[in-house]
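Below, each chain spelled out in residue letters.
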Amino acid sequence: MNRSLIGATTTMQSIQQKMDVISNNLSNLNTVGYKRRGATFQDVLTSVYQQTQPFNKEGRMTPLGFPQGMGAKLGAIELSLEQGVLQNTNLPSDVAIDGTGLFEIERNALDNEGNPQIAWTRDGSFQLVPDRNDPNQLILMTKMGDIVRSATDEPIRIPPNHAFTIDERGRVLAKDKAQSDAQPIQVGQLKLVRPIRPQMLSSIGNNLFGLPQGLAVDGILENMDLAADNENGRIAIRQGYLEGSNVNIAEEMVELVNAQRAYSLNSRVLSSSDTLMDLTNNLRT
Amino acid sequence: MLRGLYTATAGLIANQRRHDTVSNNIANINTPGYKAKTTVTRSFPEMLITMVGGGDGSNDQRLKIGRLHTGVFAEEAPSLFKSGSLIETRNMSDFAIVSDIQVPGARFDESGKYVTPEGESVFQPQAMFAVNNENDEERYTRNGNFIINAAGELVTSDGHRVLDAQRNPIQLDPGISEIRVGEGGTVYDALTNEAVVGPNGQPVNLFIARIENPNQLIREGNGNFRLNEGNDLPPAINPEDNVQVLQGFLEQSNVDAAQSMVELMAAQRAYETNQRMVQFYDRSLEKAVNEVGRV
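Chain order of the listed sequences is A and B. First residue of the first sequence: 1, per the working numbering; consecutive thereafter. First residue of the second sequence: 1, per the working numbering; consecutive thereafter.
For the record, the hints were derived by calculation from the structure and aren't laboratory data. Quantities reported herein were computed from a predicted structural model and do not represent experimental measurements. Honestly, I wouldn't trust all of these hints.
[Said to hold, decoys possible] A few chain B residues that face chain A, going by a derived Cβ cut-off under 8 Å, partial list only:
1. R42
2. A77
3. N145
4. I148
5. D158
6. S177
7. N215
8. G221
9. N222
10. M261
11. Q268
12. Y271
[Unchecked claim] Pulled a few chain B residues facing chain A out of the computed Cβ check, cut under 7 Å:
13. S23
14. I26
15. A74
16. A150
17. L264
18. E272
19. Q275
Glycine included, every Cβ here is placed at the ideal spot set by N, Cα and C.
So that you can see chain A by itself, here it is in the shape it has in the complex:
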């Protein structure tokens, strides 16, 4: 059996997967609230050519057996929740999270039990959409048309003819546009969750995080007390800003070059083991 041939093939497949992860990061360089992923390798199962006791000669350094690896495979793909750069947009419906937390949104779809699907996102490019039942009221929604949840799991409704502001603690305040001296009224509180076990989150597309099937929310995500966490400086909500992705183009390019070089090294190994087989094949010319 030609182990170098098989090992090199396995490895080239894994490197290809790593390049897919890198290129996904690069293509989301400008996606609002995108969190990069990193992939690392592991060596594949080692098998051992068994050796009997007579092999245990003087001067031998290692225990009996001749270990042989079979290349490398992709280990964990890890999510990095590092903060992205905040960009000023001056739009009142753009909200960025400064700190660790996720917005909770209610999707326009039902799960298996008939409850609305819940997902989480860092993408705070929201919009105001008229309520279907009461067109005068505006609801805070994501660009995909999913409802942004308040701390009471309700949609956040802005009364007609009101301007709204969101303070650092995530309180949504609305003020009557007609009366300049009107006091702002609180119409809702943005709901944020803190990922306790962020590596358990799965990407479900559209810049949303979900939970893999069979995993309960408890212990993975925790409702945040924004007032307290804002007080001790852990988190702040910034209205009029959007969070850029945390992809660093230089880092990704270095990773890409690295992966590509490793790929070509392995293709050299592949052709070298092909040469070995060719030599064997031509033993009798």
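Using the hints, position chain B against chain A.
Same frame as chain A, but now just chain B:
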């Protein structure tokens, strides 16, 4: 049959093993914590060749021609435990060990070996993370690419649980989401800056095992090593051992691309040479069969 035909065949197989070993190193050039392997070859046992006939035919009258080895085999594949370079990942569950354990009276070379004036080899002890596999057997690894799973356990990417100083798997309370690990290996809650306590109320420390002779470690794949049964469980490192645990870093593979390519070419050419030898013997046989004795 010509004896050398089998000698050359043994050379083919041994060089194939060398080729396999170095290609596996190249495959793992980006695997964190990977330790390169080298191939040690050994010649077949020596034989004494005597002439057939001659003298009076008794054993002690035989004419000795000389000594002969009839082949070579790949004997062992020791790992090179030299430290790989560190890269920063800024991931809180990534760890790297920087270790340079010294033994009194020994000056280790780059490969971690010292030969005493008496000719005895001393190997540099290595520091390693200890993990429990699914059967609760201890394994050792330098790949500190851990994650925190849903149960709050610190695990390797193949699910092996990382051990604390009491040799219990580390498990974080549901309230702890971010951890900080000091250079001594003590685990803190990064948000409150309080030391994380284990089930018995003692602070949790990452267990770093001191492997006295790393050559005794047996490779299992996935970056894991084990010690053969009959070996004592390795102790923890001593405070004066010059070992650091760095959080947010990963130790890169210690495979050198240039050296590996040279080794690969060397193995390939040595294989080719042995192949030629087989061909030459084949031609000799051809002559013997088809031409010698032709009238």
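Cross-check of the supplied hints:
1. R42: holds, 7 Å
2. A77: holds, 6 Å
3. N145: holds, 5 Å
4. I148: holds, 6 Å
5. D158: holds, 7 Å
6. S177: holds, 4 Å
7. N215: Holds: closest Cβ of chain A sits about 4 Å from B/N215, inside 8 Å.
8. G221: Since the shortest Cβ distance to chain A is 4 Å, the answer is holds.
9. N222: Status holds, d = 5 Å.
10. M261: Hint holds; B/M261 Cβ to chain A Cβ min 7 Å, cut 8 Å.
11. Q268: holds, 5 Å
12. Y271: Cβ of B/Y271 sits 6 Å from chain A, so the hint holds.
13. S23: Nearest chain A Cβ about 4 Å off; hint holds.
14. I26: holds, 5 Å
15. A74: This hint holds: B/A74 lies near chain A, its Cβ roughly 6 Å from the closest one there, short of 7 Å.
16. A150: With a closest approach of 5 Å, the B/A150 hint holds.
17. L264: holds, 6 Å
18. E272: holds, 6 Å
19. Q275: This interface hint holds because 4 Å falls under the 7 Å limit.
In summary, this structure violates none of the numbered hints.
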